[in-house]
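Q: As a plain string of letters, each chain reads:
Protein chains: 2
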Amino acid sequence: MSKEIGITIKKNNNISDWYTQVVIKSELADYARAKGFIVLRPYGYAIWEKIKEYIDNRIKETGHQNAYFPTLIPESLLQKEGEHFEGFIPEVYWVTIAGKRQIGERLALRPTSETIAYDSYSKWVRSWRDLPLLLNFWNSVMRAEIKSTKPFIRTSEFLWQEGHTVHSTSEEAEKEVLSILQIYKELIEDNLAIPVLTGLKSDKEKFVGAVYTTTLEGIMPDGLALQMGTSHNLGQNFSKPFAIRFMDKDKQERFAWQTSWGVSWRLIGALIMVHGDDKGLVLPPKIAPIQVVVIPICYKEKDSESIQSKVEDFTKKLKEKGLRIYVDNRDHYTPGWKFHDWELKGVPLRVEIGPRDLEKDEVTFVRRDNFERFTEKYEAAINKTVLVLEDIQSNLLIKSKNLLKENTFTTNSYEEFKERLSAKGGFVKAGWCLEKDCEDKVKEETGADIRVIPFDENTMKTCIYCMREAKKTVYFAKSY
Amino acid sequence: MSKEIGITIKKNNNISDWYTQVVIKSELADYARAKGFIVLRPYGYAIWEKIKEYIDNRIKETGHQNAYFPTLIPESLLQKEGEHFEGFIPEVYWVTIAGKRQIGERLALRPTSETIAYDSYSKWVRSWRDLPLLLNFWNSVMRAEIKSTKPFIRTSEFLWQEGHTVHSTSEEAEKEVLSILQIYKELIEDNLAIPVLTGLKSDKEKFVGAVYTTTLEGIMPDGLALQMGTSHNLGQNFSKPFAIRFMDKDKQERFAWQTSWGVSWRLIGALIMVHGDDKGLVLPPKIAPIQVVVIPICYKEKDSESIQSKVEDFTKKLKEKGLRIYVDNRDHYTPGWKFHDWELKGVPLRVEIGPRDLEKDEVTFVRRDNFERFTEKYEAAINKTVLVLEDIQSNLLIKSKNLLKENTFTTNSYEEFKERLSAKGGFVKAGWCLEKDCEDKVKEETGADIRVIPFDENTMKTCIYCMREAKKTVYFAKSY
Numbered sequence: 005m006s007k008e009i010g011i012t013i014k015k016n017n018n019i020s021d022w023y024t025q026v027v028i029k030s031e032l033a034d035y036a037r038a039k040g041f042i043v044l045r046p047y048g049y050a051i052w053e054k055i056k057e058y059i060d061n062r063i064k065e066t067g068h069q070n071a072y073f074p075t076l077i078p079e080s081l082l083q084k085e086g087e088h089f090e091g092f093i094p095e096v097y098w099v100t101i102a103g104k105r106q107i108g109e110r111l112a113l114r115p116t117s118e119t120i121a122y123d124s125y126s127k128w129v130r131s132w133r134d135l136p137l138l139l140n141f142w143n144s145v146m147r148a149e150i151k152s153t154k155p156f157i158r159t160s161e162f163l164w165q166e167g168h169t170v171h172s173t174s175e176e177a178e179k180e181v182l183s184i185l186q187i188y189k190e191l192i193e194d195n196l197a198i199p200v201l202t203g204l205k206s207d208k209e210k211f212v213g214a215v216y217t218t219t220l221e222g223i224m225p226d227g228l229a230l231q232m233g234t235s236h237n238l239g240q241n242f243s244k245p246f247a248i249r250f251m252d253k254d255k256q257e258r259f260a261w262q263t264s265w266g267v268s269w270r271l272i273g274a275l276i277m278v279h280g281d282d283k284g285l286v287l288p289p290k291i292a293p294i295q296v297v298v299i300p301i302c303y304k305e306k307d308s309e310s311i312q313s314k315v316e317d318f319t320k321k322l323k324e325k326g327l328r329i330y331v332d333n334r335d336h337y338t339p340g341w342k343f344h345d346w347e348l349k350g351v352p353l354r355v356e357i358g359p360r361d362l363e364k365d366e367v368t369f370v371r372r373d374n375f376e377r378f379t380e381k382y383e384a385a386i387n388k389t390v391l392v393l394e395d396i397q398s399n400l401l402i403k404s405k406n407l408l409k410e411n412t413f414t415t416n417s418y419e420e421f422k423e424r425l426s427a428k429g430g431f432v433k434a435g436w437c438l439e440k441d442c443e444d445k446v447k448e449e450t451g452a453d454i455r456v457i458p459f460d461e462n463t464m465k466t467c468i469y470c471m472r473e474a475k476k477t478v479y480f481a482k483s484y
Numbered sequence: 005m006s007k008e009i010g011i012t013i014k015k016n017n018n019i020s021d022w023y024t025q026v027v028i029k030s031e032l033a034d035y036a037r038a039k040g041f042i043v044l045r046p047y048g049y050a051i052w053e054k055i056k057e058y059i060d061n062r063i064k065e066t067g068h069q070n071a072y073f074p075t076l077i078p079e080s081l082l083q084k085e086g087e088h089f090e091g092f093i094p095e096v097y098w099v100t101i102a103g104k105r106q107i108g109e110r111l112a113l114r115p116t117s118e119t120i121a122y123d124s125y126s127k128w129v130r131s132w133r134d135l136p137l138l139l140n141f142w143n144s145v146m147r148a149e150i151k152s153t154k155p156f157i158r159t160s161e162f163l164w165q166e167g168h169t170v171h172s173t174s175e176e177a178e179k180e181v182l183s184i185l186q187i188y189k190e191l192i193e194d195n196l197a198i199p200v201l202t203g204l205k206s207d208k209e210k211f212v213g214a215v216y217t218t219t220l221e222g223i224m225p226d227g228l229a230l231q232m233g234t235s236h237n238l239g240q241n242f243s244k245p246f247a248i249r250f251m252d253k254d255k256q257e258r259f260a261w262q263t264s265w266g267v268s269w270r271l272i273g274a275l276i277m278v279h280g281d282d283k284g285l286v287l288p289p290k291i292a293p294i295q296v297v298v299i300p301i302c303y304k305e306k307d308s309e310s311i312q313s314k315v316e317d318f319t320k321k322l323k324e325k326g327l328r329i330y331v332d333n334r335d336h337y338t339p340g341w342k343f344h345d346w347e348l349k350g351v352p353l354r355v356e357i358g359p360r361d362l363e364k365d366e367v368t369f370v371r372r373d374n375f376e377r378f379t380e381k382y383e384a385a386i387n388k389t390v391l392v393l394e395d396i397q398s399n400l401l402i403k404s405k406n407l408l409k410e411n412t413f414t415t416n417s418y419e420e421f422k423e424r425l426s427a428k429g430g431f432v433k434a435g436w437c438l439e440k441d442c443e444d445k446v447k448e449e450t451g452a453d454i455r456v457i458p459f460d461e462n463t464m465k466t467c468i469y470c471m472r473e474a475k476k477t478v479y480f481a482k483s484y
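So the sequences go chain by chain: A and B.
The numbering used here applies: residue 5 is where the first sequence begins, and numbers increase by one.
The numbering used here applies: residue 5 is where the second sequence begins, and numbers increase by one.
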């Protein structure tokens, strides 16, 4: 593979340029013409489909159903919850013309669907019999980005899912928020092999319109935190302006309790940054569209038939195990070119079958995560493949747990706090008095936000800024 | 079920109002606030998911991959193919404002993705090695409808799939057009149980920008034709303005050959109209989200346990057969209410298990298509269920084939032609000289278009309008 095709920038030297090269050269995505927009190419879409499949199954198992709401939201609807509207207004795209005519009330491209969905919910929910209402939408949302954009991480349109549920009690809504957070955690840790901190957002950082927001926060190799998903308790903040009322079993009419939650294709960005290396993408087997690439190595015509029949037998058996396999039979590329191509694309395991392997009744394996190369007798090779994939999955999680550990620092000295953040970034665990003023000052002086307030951890005695008593122990970080 | 909840209009009396009632009351969809937009509710979405699953599998089997392109298209891109742009301009929604600022070049909400996709394709396609490029997008498109809207049939936003392929030869593109048409035909006839006429559109009716359009046309019970899907040969009409060129094996640079094709949620509208009856929706088993609803009939507490255990055993066995089952255990509704509710929702088969069934070791079946009610010994009931579902599927196709037959008329007399169209509508098969003038005149005088030109049928001798020699035998109809 020529320099031009492979990744030419070291991850450690310039992670931002490295990232862009990986996105483009591994063909996950491409820039679109309009600023801030990207095209999700088939390889990137296939990863998104794996993420989608996982979430879709989990939420359906727990009684949720999918629906589709319009892309366009009349301005009067978007305005119904004031705080929510104020939060989104700087980045809303507006349709003002249809064909050749100016339209009456301008239409917002959904930045999120709370308002348009809850307008319908208020018609559908009448009685306790209609609850809980557990819906999810797979769609895209548009937010005109003012900050600099970055494929997957910050784009003016992104694919995501947004769940919107309605409950008859506050307790049930609280449970929902946490059970979704747990599903997200299992997606991200067990499948994407990325450890996350979970907990609450501060009032300053919560979703506009929520009572509280729970979050999953990861750390990237450059020391910046990345919000990986959120699950909000909306309380009755929307049910009141939208009049989502129900007749309860006791014949009393009550306002409903609501939640909303989402993860987006941003998760693909996290996958790239956390696992990728100087050769390109590294995908965890559970989420990889192709788990094993099989490359027949055949220099002489006479070997061709016996190699191909071995390859066919092998891949048939792998497929029976439910594995996702690709046989690279492209005859216009050399084996060496193919090796680099699949390394760039991050396929977890490469299997080579050549004349020497045939002779010895073996196959050759090369792991993507550590480039380990080894052979296995043919009869044991299928089981070996399964075991090696499991090992790659857990090895990637071990590595990324180390990354999190190395990037987490605890202190109660504001001097150390500032020093650490400017030198290395990462999470800094520290006490907080709960005053917004301290939170604002820290942000102003260091650039770090409170990323997450763990659910039940308070080990620090003093607020990192004012040194008064700490009411919570929190994780600060600079972030994407 | 109260009058208010059930369908209150006879299909034969006023199919248009009946249709709206079925859509709303069966909870397939609801009207959204913005004019012409609908909300796809969970039950409607579940049908769409079945359609999607079928197409997604078929196109992936044949080497296609999914991708996602932005919703917003810069005006300059949309203008690149002049005829195409002219065709869409009356119904394009335009974004002119982002946040509080006027944007420079206005952005179109995609009415279809040819232009934005082919701008990227021109970067991706370099060599014959990159071909064929076989992509598909699951998304929504927006077209400000001027004509009166109708849920699923004509809405300002609709869910669909759009396939966009690039080939190195014209022959390969032609093959693609037909192989997709065949997949659509099998979806519609074998799964939706709706027969279609397939063939070409006339130049007047073809897709703006295509060399030719192939189509699948169904007939609705009110005698109006419905276009169910299209597959276009774009030739080099787009590859030239978009500069999609490739270096061929012979080292010559050539413009590529392209196709595009799509079906939308309009198919759900066809399902409703063709199969529905005065009680509501009737769904073919192959596409029904719920194929069998099981209703325990239990008036006395003492029977409860034995009935529930029978129901559990029965549904477990049905699920093992891969069937989609719902057990209606809602205790706040009577069995009678449930019967009507599931009839309204069109579930193909109802199974009742009550004390009398237990006593006789039977279960009771009620078919949705013909309301036939019968019992079967428990040990034979599982196999019976499978057989009855197959019978319902084929019975619905027989009925809809009759509908097509009754609504197809052949004539070479323009008097008869006009009379038939104004009295009954439907397809009228007639000769055509290929002159646009005759086509226009027929439209003007009768309201009927040429819906489809069958691929190889020319049985009529004279043009229905000018009486000169017929070059093609075609199907005219008024349409949605």
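Calculated from the structure, these hints are not laboratory results.
C-beta atoms are modelled at their ideal positions from N, C-alpha and C, and glycine is treated no differently.
Among the clues, some could well be false.
[Said to hold, decoys possible] Derived contacts from chain A toward chain B, CB cut-off under 7 Å, selection only: (1) ALA38; (2) GLY86; (3) GLU95; (4) TYR97; (5) ALA102; (6) GLY103; (7) PRO115; (8) PRO136; (9) ARG328; (10) ASN333; (11) ASP335; (12) HIS336; (13) THR338; (14) PRO339.
[As the list claims (entries may be wrong)] Lysine-lysine pairs mimicking PhoX-like chemistry, simulated, CA-CA at most 20 Å apart: (15) B/LYS54 with A/LYS54; (16) A/LYS127 with B/LYS29; (17) A/LYS104 with B/LYS465; (18) A/LYS64 with B/LYS320; (19) B/LYS39 with A/LYS151; (20) A/LYS39 with B/LYS84; (21) A/LYS29 with B/LYS127; (22) A/LYS54 with B/LYS64; (23) A/LYS56 with B/LYS54; (24) B/LYS64 with A/LYS320; (25) B/LYS64 with A/LYS56; (26) B/LYS56 with A/LYS54; (27) A/LYS56 with B/LYS39.
Q: If a hint holds in the structure, say so; if it does not, say that too.
A: Hint by hint, here is what the structure shows:
1. Hint status for A/ALA38 relative to chain B: holds, with the closest Cβ pair at about 5 Å, below 7 Å.
2. Interface hint at A/GLY86: violated, since its Cβ lies 17 Å from the closest Cβ of chain B, which is beyond the 7 Å cut-off.
3. Restraint check, A/GLU95 versus chain B: the minimum CB separation of about 6 Å is within 7 Å; hint holds.
4. Taking 7 Å as the C-beta cut-off, the interface hint given for A/TYR97 holds, the closest approach to chain B being about 5 Å.
5. A distance limit of 7 Å between C-beta atoms decides the matter here; for A/ALA102 the minimum to chain B is near 4 Å, and the interface restraint holds.
6. Look at A/GLY103: its Cβ gets to within about 5 Å of chain B, closer than 7 Å, so that hint holds up.
7. Contact between A/PRO115 and chain B, as hinted, is not supported at the beta carbon level, the nearest pair being about 11 Å apart and thus beyond 7 Å.
8. With 7 Å as the threshold, the beta carbon of A/PRO136 stays out of range of chain B, its nearest partner Cβ sitting at about 13 Å, so the hint is violated.
9. With a cut of 7 Å, the hint placing A/ARG328 at the interface with chain B is violated, because the nearest CB-to-CB distance is about 12 Å.
10. Evaluation of the A/ASN333 hint against chain B yields a violated restraint, the C-beta minimum of about 13 Å exceeding 7 Å.
11. Evaluation of the A/ASP335 hint against chain B yields a violated restraint, the C-beta minimum of about 10 Å exceeding 7 Å.
12. Of the supplied interface hints, the one on A/HIS336 holds, with its beta-carbon coming within about 6 Å of a beta-carbon of chain B, less than 7 Å.
13. Given the 7 Å rule on beta carbons, the hint for A/THR338 is violated: about 13 Å separates it from the nearest Cβ of chain B.
14. Hint status for A/PRO339 relative to chain B: violated, with the closest Cβ pair at about 16 Å, above 7 Å.
15. Pair hint B/LYS54 plus A/LYS54 holds up; C-alpha atoms about 18 Å apart against a cutoff of 20 Å.
16. Taking the CA atoms of A/LYS127 and B/LYS29, the gap is near 13 Å; set against the 20 Å cutoff, the hint holds.
17. With a C-alpha separation of about 45 Å, the suggested pairing of A/LYS104 with B/LYS465 is violated against the 20 Å cut-off.
18. Our distance criterion of 20 Å between C-alpha atoms is met by A/LYS64 and B/LYS320, whose separation comes to about 18 Å.
19. Among the hinted pairs, B/LYS39 with A/LYS151 is inconsistent with the structure: their alpha-carbon atoms are about 34 Å apart, more than 20 Å.
20. Only pairs whose Cα atoms come within 20 Å are accepted, and A/LYS39 paired with B/LYS84 is accepted, the gap being roughly 19 Å.
21. The straight-line distance between the Cα atoms of A/LYS29 and B/LYS127 is roughly 13 Å, inside the 20 Å bound, and the hint therefore holds.
22. Between A/LYS54 and B/LYS64 the CA atoms are separated by roughly 15 Å; this keeps the pair inside 20 Å, and the hint holds.
23. Taking the CA atoms of A/LYS56 and B/LYS54, the gap is near 16 Å; set against the 20 Å cutoff, the hint holds.
24. Between B/LYS64 and A/LYS320 the CA atoms are separated by roughly 18 Å; this keeps the pair inside 20 Å, and the hint holds.
25. Note on B/LYS64 and A/LYS56: the hinted pairing holds, with a Cα-Cα distance of about 17 Å set against a maximum of 20 Å.
26. For the given pair, B/LYS56 sits about 16 Å from A/LYS54 by alpha-carbon distance, which is consistent with the 20 Å threshold.
27. A distance of roughly 31 Å separates the Cα atoms of A/LYS56 and B/LYS39; the hinted pair therefore is violated under the 20 Å criterion.
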